[in-house]
Amino acid sequence: MTAQKAAPPTLPEKQVEGAPVVAPQREQTGIEREAERLTPVPYEPGTALYRQILPGILQVPADAMLALSRKSSLWPMTFGLACCAIEMIATFMSRHDLDRFGIVPWPSPRQSDVMIVSGTGTKKMAPAVKLLYEQMPNPKWVIAMGACATNGGPYTRYDRVVQGVDKIIPVDVYVPGCPPRPEALIDGMLALQHKIMEERNK
Amino acid sequence: MVLERDPALEVVDMPINMGPQHPSTHGVFRMVLVVNGEKIVDLVPHIGYMHRGGEKLMEAMDFRQGIGYCDRTEYLAQFSAELAYCLAVERLMDLQVPERAEYIRVILTEMNRLSSHFMFAGAFGVDAGVFATSFTYAFPQREFLQEVFEEVSGDRLMYAYFRVGGLAWEVPDNFVQRVHEVLVHSAQGLKDIDDLLTKNEIFMARCQNIGNFSADQAIAYGLSGPMLRASGVPWDLRKDEPYSVYDRFNFEIPVGNYGDVYDRYLVRMEEMRQSISIIEQALEQLPPDGPIVPEKMPRRLRTPPGEVYAKVEAPRGEWGVYLVSKGGDKPYRLKMRSPSFCNLSALRDMTIGQYLADAVMILGSMDIVLCDVDR
Amino acid sequence: MTFQALLDSYLAVFIAAIIGFFLVASALIAARVLAPFSKEKGKSISYECGMLPIGSTRASIPIRYYLFAILFLIFDVEAVFLFPWAVSFGHAGKAAFWEMVLFIGILGAGLGYAWKKGVLQWNK
Amino acid sequence: MTLPEGQEPDATSDPGATPEAAAPAPEVAAETPAKPAAERPVRPAKEAEPKEAPRVAPPAGSINETLAAAAPGVVFNAYMVPEMKGECVTVEVSRDDLTAVMTAARDDERLDLKYLRCLSGVDWQDEGLEVVYHLWSFTKKHSLQVKTRVTYDDANVPSIATIYPAADWHERETRDMFGINFEGHWNLVPLLLPEDMTDHFPLRKDNPLQEIEEWQGENLRDGAGEGDE
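Chains as they are written, first to last, in the numbering used here: chain A, 136 to 337; chain B, 6 to 380; chain C, 1470 to 1593; chain D, 3 to 231.
What the hints contain is simulated information worked out from the structure, not anything from laboratory work.
Quick reminder that beta carbons are idealized off the backbone N, C-alpha and C, glycines included.
Incorrect hints may appear among the rest.
To be verified - The calculated BS3-like cross-link candidates involving lysine-lysine, where the alpha carbons are at most 27 angstroms apart (straight line), are:
1) B:K44 with C:K1510
2) B:K244 with D:K116
3) A:K302 with A:K337
4) B:K244 with D:K143
5) A:K302 with C:K1510
6) D:K116 with B:K331
7) A:K337 with C:K1586
8) D:K149 with B:K331
9) B:K44 with C:K1508
10) A:K330 with C:K1586
11) D:K207 with D:K149
12) C:K1512 with A:K302
13) C:K1512 with A:K330
14) B:K335 with D:K143
15) C:K1508 with A:K302
Unchecked claim - Looking from chain B toward chain D, a few residues come up when the C-beta cut is under 8 angstroms (computed):
16) I52
17) V238
18) G325
Looking at chain A on its own, in the form it has when it is part of the complex (with noise of 0.2 angstroms):
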């Protein structure tokens, strides 16, 4: 009893020599239907303004002020998907206090730079993921937070589950662990910041 039941192909009824055989079009099942939703999204740096104007030898100091400035403010868009969702709050609580860091949780994607997946990304949550990707301005960098962020995680094996954010999104720094705990998160962002510093001239 086969899962899908598509609708049984039409048989064309006289084959005429030399017309091309034209495949039957069955109507599209719904899971081919969301494979065009679930293509990755390209990863673009953009070109800042300032490197055609600066001569070269100024870009230098420049990019080190930018990267500076840059990676001790990361805003990152609150974007509690699951369980890793409550690890990341109890980060961003006083305990293990983010702000120390001038990491301030931002709700709209319109002012942040990191986007933390803290969570298992679904294929039906998929295109709004990349949709928020998208919508962020451009020095904008992924925290892929959990296993299930990083590749499925304990729902790897389902077929409702995209097994890892970086089949659809540019990851940068993956921090282990199911959830991790706010050290590891912290870890993650200091990972990121060092990261930040160490590609400021491409």
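Go by the hints and put chains B, C and D onto chain A.
Chains B, C and D in isolation, oriented as in the chain A frame:
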């Protein structure tokens, strides 16, 4: 000559999308509010953004591995979910859980109820507009409770500490003294949140008399837990269908009478006080030593074929497990009756006719956990 | 007040305006120059909690919002008049005081009338 | 998750208290040095495990008599499953008179089962799909479990969302997961699956779990794998 009006000028109802990524939807819940001015005309809830097949995966796991999925499904009241799952399998296998294990289970489940209601108080304060103050009051208390959970089970959030038949390992020696310490903190934290929110003029004005649900409406919609008790139905599984050793403690069940958002908040606050008293009673009656796993534990957990419906009073309501087994060590079908799923199905009829700002309060008063809703 | 003194006092206002203008200009120019822009597919879609926007923004807004806006405007303008009065309240003398009381009284009567007519309630 | 070491079962422990469970005798515990194969006790042949749960007729005067009185002309067979600890009488009803039974259960004051506790679908593979309803009464403090069974190709069950509003979302979820079509439901739109996915039923037994993909190299951004150290 009939002057017909230009349809473009007609005041049409505007659909507002309160979508999956929203500060006050407590996770990935989307509802499309059709609004006429400030009044909500219609509400279409969309869930399923966190549907990750916990039930399907538990069918592929044997009874020891399935416990991890209970924590991840109900990640604010993990011990209640584990307790329901273990009760179901134990009743199917007719296992007798030793005394000491039962008491430790009750203590940990009630402490988990405290930490879950603290999370509710924090999130509800944010919905009411007290931006982060209630969170900063609630989360230190959760940290104290999570410290004890970590000492007992080794993890802050995903405990997987209960086992079919009892517990995984013995609790640390200073368990009783640590729990007493934490209870002092919790009582103080509860008093702080009480002073901050309960008698607050604006909070009362915002919470009272919205989202009213009468008793038989609540029963018809299958609500359970604080939502049901706030509507005036005195129904608490710990009292009316006692499981494990709950019949040995005396505690009252807070019951509201209007069924509005303020009653739900008060019921949960009162429940926290009752939980503290239950924990103290359980600590006194805790047998100092004794086995935590039945002696005659079969090496491989094989259940006889059959079906069982075990239910537990989780902080959000009745967390039930309908377990069908065809023999063997894997459940054939496992349905998790999650209270958030049933309570959320009543959101539409609770919110139609209210104002737009109150929709957030009603959703917050339901205290839903989205992974519990979508499983 | 010689013309020169008058000019000096307005000099301060002029300098403040220049500083304000440059502050705003530098913020905008800095964003334009320093930020790496990229034209992504979903960038221009209006943010609606991660979903594609539904409904049209051309829908006409019910008239009640207009009433709230007008009431706010009236009392906002009233507050503007109160500021200079509050500053020079000490040495302004009795007449200015009673004049302002009359002014607030008239607006208060207007608010009372609106309140009684139920404009502030939203009930449809 | 291994068994706590203190509780090694000794060889002679009989398998738990369940009489019918024919659990195989556990092998010899491993403390004694591995005996040569000849002396190792031959494991008793495992009797075929009963596939079907034993059914016991409910005691006299229990809920199914009142149900028969309340809903005359409905033929059903009632039984009880020991594991439910005598707390739940199960009634198997054919699909057509399901609504009759449900309205009787809710309205008849002797039954007064006002609370639909849980509605779940079960996929019995060759014996078709089954829908299980759990009802509870707050005043009478008794519960009832109603089951209907439908075959794979005409999986239609009358919807009881009008009788129990609580069933609204449960039925939509069961339709998503098993493909059981609930006739008369006011908006049977997929709930847990995307709105346009009406032909994929994840919880059916013949729908396999997804294979774990190996290292997802080609989807990672180029150069992301090397790391900087």
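Quick one, are D:K116 and B:K331 close enough, alpha carbons at most 27 angstroms? violated, 31 angstroms
Can B:G325 be said to touch chain D, with a Cβ gap under 8 angstroms? With a minimum Cβ separation of about 6 angstroms from chain D (threshold 8 angstroms), the hint on B:G325 holds.
Has the given pair, A:K330 with C:K1586, been kept, meaning a C-alpha gap of at most 27 angstroms? violated, 62 angstroms
Can you confirm whether the C-alpha distance between B:K244 and D:K116 stays at or below 27 angstroms? Holds, at about 20 angstroms.
Interface hint outcome for B:I52 [beta carbon to chain D under 8 angstroms]: holds, 6 angstroms
Restraint check for D:K207 with D:K149, where alpha carbons must lie at most 27 angstroms apart: Answer holds: D:K207 to D:K149 is near 19 angstroms, not above 27 angstroms.
Is B:K44 within 27 angstroms of C:K1510, Cα to Cα? violated, 35 angstroms
CA of C:K1512 to CA of A:K302, is that 27 angstroms or under? holds, 20 angstroms
C:K1512 paired with A:K330 [C-alpha distance capped at 27 angstroms]: holds, 25 angstroms
What's the verdict on A:K302 and C:K1510, does the C-alpha distance respect the 27 angstroms limit or exceed it? holds, 18 angstroms
27 angstroms limit on alpha-carbon distance, applied to hinted pair B:K244 and D:K143: Roughly 13 angstroms separates the two Cα atoms, so the pair holds.
Taken at face value, is the distance from the CA of A:K302 to the CA of C:K1508 at most 27 angstroms? Roughly 21 angstroms separates the two Cα atoms, so the pair holds.
Checked against the numbered hints above, the structure breaks hints 1, 6, 7, 9, 10, 14 and satisfies the rest.
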